[in-house]
Amino acid sequence: MLRKRAVRIDEGGVPCESRRALSREERFLKMNRRLVPVLLLVAAAIALPGTTTTTKAEEGYTLRIASLAPAGSSWMKVLNAWNKTLKDKTDGKLQLRFYPGGSQGDERDFVRKMRVGQLDGGVVTMTGMSLLIPAMNVLVLPGLLET
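Sequential numbering from 8 applies to the sequence shown in this note's numbering.
Hint data in this document are derived by calculation from the structure and do not stem from the laboratory.
Accuracy of the hints is not assured; some may be wrong.
Simulated crosslink set (DSS-like; lysine-lysine; CA at most 27 Å straight-line) [as the list claims (entries may be wrong)]:
#, residue 1, residue 2
1, K94, K120
2, K100, K84
3, K100, K120
4, K96, K84
5, K84, K94
6, K120, K91
7, K84, K120
Simulated restraints on C-beta separations [unchecked claim]:
#, residue 1, residue 2, range
8, G150, W89, 30 to 36 Å
9, E153, D95, 34 to 40 Å
10, M121, K94, 39 to 45 Å
11, Q125, S80, 19 to 25 Å
12, E33, R119, 51 to 57 Å
13, E33, P141, 57 to 63 Å
14, P149, T92, 32 to 38 Å
15, E33, K96, 22 to 28 Å
16, G150, D98, 43 to 49 Å
Backbone N, C-alpha and C fix where the C-beta goes; we use that ideal spot for every residue, glycine too.
Work out the full structure, taking the sequences as your base and the hints as a guide.
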């Protein structure tokens, strides 16, 4: 007894009897039906072991910020007050560590150290910014802003 094979009809209405009559989209969907469960299992295997440990956000984080302002100056008093407020608002999970008095170098060094991840921020003056980005000088032009 002969078995009848399903005949696929192409877009023009012509029967296609070859086995490779699946369109590109159909092959993609067929492949994804096999691939998606495997990817979900891999993702679960990666994610589950980390659920029992505490994350960095739960432990807290300290941002490292450099400044040219000397310790004890009015600038550092304001920055330390900011740090206290930040610690209070985040229940100690986020705090700031300041490096005052240019202990991390000048403003160019601040930016270089931020790029390589040694610092998270820096208190930079307009003069320091204009050394790094000459176009910033436009903000200190006399007569540009009325005060």
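(Q) Against the range 22 to 28 Å, how does the distance between the Cβ atoms of E33 and K96 compare: consistent or not? (A) Check failed, 55 Å falls outside 22 to 28 Å.
Is the Cα-Cα distance between K94 and K120 27 Å or less? The hint holds at about 24 Å.
**Message:** Assuming the hint says 39 to 45 Å, is it satisfied by the Cβ distance from M121 to K94 or not?
**Reply:** 22 Å, violated
With a cut-off of 27 Å on the C-alpha distance, tell me whether K84 and K94 pass. 15 Å, holds
Verify the CB-CB distance for Q125 and S80 against the hinted window 19 to 25 Å.
23 Å, holds
- With 43 to 49 Å as the target window, see if G150 and D98 comply at their CB atoms. 48 Å, holds
- Quick one, are K96 and K84 close enough, alpha carbons at most 27 Å? Given pair K96, K84 holds - Cα atoms ~18 Å apart, limit 27 Å.
Is 30 to 36 Å a correct range for the gap between the Cβ atoms of G150 and W89?
Once the Cβ atoms are compared, 33 Å apart, the range 30 to 36 Å for W89 and G150 holds.
query: Does the structure keep K100 and K84 at a Cα separation of 27 Å or less?
result: 21 Å, holds
_Between the alpha carbons of K84 and K120, is the straight-line distance 27 Å or under?_
Between K84 and K120 the Cα gap is close to 24 Å, so the pair holds against 27 Å.
**Q.** Straight-line alpha-carbon gap K120 to K91, limit 27 Å
**A.** 25 Å, holds
Q) When you check the alpha-carbon spacing of K100 and K120, does it fall within 27 Å? A) 24 Å, holds
The earlier numbered hints that this structure contradicts are 10, 15.
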